[in-house]
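A.B. asks: Starting from the two chains in their separate frames, assemble the complex, guided by the hints.
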Amino acid sequence: MDQFTLNLLFVGASFALYIGIAVWARAGSTAEFYAAGRGVHPVTNGMATAADWMSAASFISMAGLIAFTGYDNSSFLMGWTGGYVLLALLLAPYLRKFGKFTVSEFIGDRFYSKSARMVAVICLLVASITYVIGQMQGVGIAFGRFLEIDAFWGLLIGSCVVFAYAVFGGMKGVTYTQVAQYCVLITAYTIPAVFISLQLTGNPIPALGLFGEHTASGEPLLAKLDQIVTDLGFAEYTAAHGSTINMVLFTLSLMIGTAGLPHVIMRFFTVPKVSDARWSAGWTLVFIALLYLTAPAVGAMARLNISELMWPNGTDGEAVSVQQIETDPEYAWMETWQKTGLLGWEDKNGDGKIQYYNDANADLQAKAEANGWAGNELTNFNRDILVLANPEIASLPGWVIGLVAAGGLAAALSTAAGLLLAISSAVSHDLLKGQLTPNMSEKSELLAARISMAAAIVVAVILGLNPPGFAAQTVALAFGLAAASIFPALMMGIFSTRINNYGAVAGMLAGLVVTLLYIFLHKGWFFIPDTNSFTDADPLLGPIKSTSFGAIGAAVNFLVAYVVAGMTKETPQEIKDLVQSVRIPRGSGAAVEGH
Amino acid sequence: MSQDDENNAYWSANVRLIMINLAIWALVSFGFGIVLRPLLSGISVGGTDLGFWFAQQGSILVFLALIFFYAWRMNKLDQEHGVDEE
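Chains as they are written, first to last, in our numbering: chain A, 429 to 1023; chain B, 107 to 192.
No wet-lab data here; the hints were simulated from the structure. Careful: at least some of the hints might be erroneous.
Result set (DSSO-like, lysine-lysine): computed pairs, CA atoms no more than 30 Å apart in a straight line [said to hold, decoys possible]: (1) A:Lys542 with A:Lys701; (2) B:Lys182 with A:Lys528; (3) A:Lys542 with A:Lys997; (4) A:Lys997 with A:Lys701; (5) A:Lys871 with A:Lys542; (6) A:Lys776 with A:Lys795; (7) A:Lys701 with B:Lys182; (8) A:Lys1004 with B:Lys182.
On a predicted model such as this, the values are computed, not experimentally measured, just so you know.
Chain B with its partners taken away, still in its complex shape (with noise of 0.2 Å):
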């Protein structure tokens, strides 16, 4: 493969990941915090419902999760392409 083909690959893998991590950012704060929320209302959290502690605390921490997430498999990326810094 040329660089310009490695390029566009490694672009497209990029974007693909991109997608899926924010189709889960959507998810958790959007979704089961505020749409989805009646949805959950049955699961029971500390006097409250789920919907609630996604709202407050949950998306944070799945927030926190999906860019440690992504900065690590990007850099995988990156070399697995040949375009990480030398």
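Pulled out of the complex, with its shape left as it was, chain A reads as follows (with noise of 0.2 Å):
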């Protein structure tokens, strides 16, 4: 069987077990499309966070940056990861006892204004769609590579894919099916790691053969990969090389993001009990950790592979020749990745070998003159494409492939889905049974979900042509707008009742329109290319680049909220005693609809 049966084989049956379930399981009263009754596990919960939290970014991306940078993008690991400390410490089991379906609907009630509510949506959408987009470029690549088209045509047609999934259920039918694809996106992570960490280190735990012995020159696997790649001119893999005010802000956005993303938020809500947040706050880290532990692993190991593979005869040899790459059977992950159009290779000294260096580093300058080598030839290596063309890369066998396609798109296709319904709630459940149409009927508040969700689609993929970075890149953009403009208003909520109505609205639009200003002037307006002011390589404010800049947002929102509620009238007595009710566990019954 050729490998594209195996991958349409793989993806064609996970896909047929996410509908089924889905199907089984359909959403039948609106609370239950928004919160599934109620009666999830924390452990179940837990998985299925993990599932709705784990997206193309962590699953497609975020290897592929840590490969290619090294120690610098940490960030991601520890950012995604240390954002379930706050949440479950700051947020999750008061908002449970709070008793509500979303987050706007908390902040509205807490904050006793509509338009602190309407505030509150407007956040929410914007992050989410944001958010939206770096997931439908992770699903373009999977898809591209899979039906071997142009990552474009994938994009397209994943688009389809994802709308038709997310219209089936509510959350009931997400709750499951994430669980199911929970399962199968760290199969599909863990199974690669484990035969490349044997290949490498002989130890079958990809977290431990990182800082194991390579077998094959008998030196620690990082102490190796550094050599070999200061060999190629390029920045020492477990060095630090940028800004250490840069590399901090950027993990405290990616941290306070976290805990402010309404899709996670949101499945806090759907414990039976307060105590029950808490846990489920710890299972979710637990199996998310299970993907960032191996993560690491993922990207020093294929970066080793890859400069292997290109320099066969070892960093002072042969370059790989170009007909070496069209006949050998190793090569032939890169002849299949051409066809998206994301890797590129080009013979420029007509030598008939591919040198693969830094063409900017002095030193291999001068030994590419005394080479006749005429720059760089690997023209062309997107970040994205790291994971799944791992297996591929490490020559293992087909059935891996196509596990790992399948992983992906099921890591894409169950955050998309998270993501539509956050997406989908706040349109018709806060904005329009909230505050325009109050007396719709339930049948009508589902369609009007369904309508948002198509429109939230719609927008991604014309902004998604243009993304302002590799998909994990884009992510942190979302990130930095949640941590801008939700957690400190939530966070103030909880823990402060001196924060009134008008210093929280203050506060959320002063945070999101500051971060929105500074990601626009970096990436362009609205991501149009070319209207950006400023590059990330030399940003406005010293060494703050636009992904960093949400915990400066968040400073600013917790800032402005303070003096505006310094100055205006006091919270009132009731809003005071419903705050010291969110903070005491006892007396939480089910979620009652609010409007």
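C.D. replies: So this is what it looks like as structure tokens:
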């Protein structure tokens, strides 16, 4: 059976499974649509949240970004896990006690203001749509690869599949489907990593293999990798190169953003008790950590494999020849990925060999001159293909490649579905039913929810045609926006009785606007290319890149809220009582539908 | 103690616990993983230093321990202060 059929088989079988579950658990009422009737066990909820949370960014993109940068991109690892500590300690139990369905309902009630609720909805929509763009990028790449077509067509086909999939059920359908998706994605991520770790280090646990010994050379794996990449003129893998301030702020933005993402927070409304909300956050992180502890090993080992494939005779020997790439089955992945337009090479000096090195490095320029090289000839290597191409790079069996394709799609789909649910509930539940047409029937509410899903996909595809970065970077921007707007309002709502309606609204608006401005100034207005005034290589504020600005946006939010609240009327007594009751677990009933 | 006093005592105990946990959270990630990494450069782990391990794996393991510790401790606090869910 050829690889194409095998991929189709794995992807098809996994889809049949998800759709089967979604149909079986189809949502009946509005309450079921949003919150699955609250009968979800913390471990099950943790697994579903992990699938919901780990998206194309974690599965497809992150290890690739780590592979090509090394230590400097550790921010993704710490940031996207550390946020769960904030969530478990500062938000989840209290929001569960509050007992409504959506994040904006809490903000609307706590800050006794319809405008606060509207502003929360807007913040949520901006962050979620940016997030969906990143997912669509991942979907496009995965579909492009397994259908062997250009990533652009992959994106269009993928968006139709995501839409068809997301309108099927509400969260109940989604919860059990996501458990299945978690199982598929974690298997798909782990199996190739285990094989590769065995090949390179003899250790079956990739997380340990990363710090183990490279069997072929007898040196520690990371020392060997450091030596190879520096030989080729690239920055040392394990060393720090970027600005420390930027790295701290970037990590912090990802952490705060995690705790401010509506589709993740929503999952903690679905556990039966307040104490379960605390456990649930822990279980979610357990299931996430299984992938996140493996990811740095995947990145480092793939980087080593790629370097060795391009220099089969060692970095001092001859580079790989064009003929070998075209005929040797070990290099077949290069031909396949070339079709997606995401990988490219060019024999610039016409010596029949492909030299891969850093042509911006002075030492290597000297070496290139001496050897007649005419620049780096591996001209295009999109970071986002690394994880999907990884089993092929390591010459693993065909079924592993098919499994990884299915896993990548599971990751992108589960998150896209969760986000679309958050977007649709924001529009239909908060905006239409909560504000504009309070008397609408359940049926028209569900219809409105589905129409807004479709609209969100269309917007994401249009903006996703010119993405502002690799998938994980686009997603990082979404986290910055959530960090600057939603998280501070939620935290102040629980931990301070001083913050009133004016403070919260002013804070959220200030945080959102300042962060959005900073992003647009660096990434282009609405991500349209060439409309940016600055670049992340040379940012407006010293070393602070647009992906790191969320932490500053959050600080602005806190500050503005305190100043404005100090100048305006005190919070009324009944709201202070509400805050007191949210802090105490006793008396947490089932959630009620609010308007 | 009245239930109101009990509730206030519960809340300050909770806030104290949160502060301790967040201090450790920041120490392992922003501290050992980033800012304090040069201080740990003498301790070598698998071809690199301890700071690299904290940045790529260690902090994640500590985060897990923190969340489970907090959940366990809070469930006990809930009961001690009579605010647990019946």
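A.B. asks: Between the alpha carbons of A:Lys542 and A:Lys997, is the straight-line distance 30 Å or under?
C.D. replies: holds (17 Å)
A.B. asks: With the threshold set at 30 Å, check whether the alpha-carbon distance from B:Lys182 to A:Lys528 stays at or below it.
C.D. replies: holds (26 Å)
A.B. asks: Given the hinted pair A:Lys997 and A:Lys701, is their alpha-carbon gap at most 30 Å?
C.D. replies: Judged against 30 Å, a Cα distance of about 35 Å means the pair is violated.
A.B. asks: What's the verdict on A:Lys871 and A:Lys542, does the C-alpha distance respect the 30 Å limit or exceed it?
C.D. replies: Since the Cα atoms of A:Lys871 and A:Lys542 sit roughly 24 Å apart, the hinted pair holds (cutoff 30 Å).
A.B. asks: Taking 30 Å as the top limit, are the C-alpha atoms of A:Lys1004 and B:Lys182 close enough?
C.D. replies: holds (26 Å)
A.B. asks: Given the hinted pair A:Lys776 and A:Lys795, is their alpha-carbon gap at most 30 Å?
C.D. replies: Since the Cα atoms of A:Lys776 and A:Lys795 sit roughly 16 Å apart, the hinted pair holds (cutoff 30 Å).
A.B. asks: Check the hint pairing A:Lys542 with A:Lys701 against an upper bound of 30 Å on the C-alpha distance.
C.D. replies: OK: A:Lys542 and A:Lys701 at ~28 Å, within 30 Å.
A.B. asks: Is the straight-line distance between the alpha-carbon of A:Lys701 and that of B:Lys182 30 Å or less?
C.D. replies: OK: A:Lys701 and B:Lys182 at ~15 Å, within 30 Å.
In the structure shown, a violation is registered for the earlier hint numbered 4 alone.
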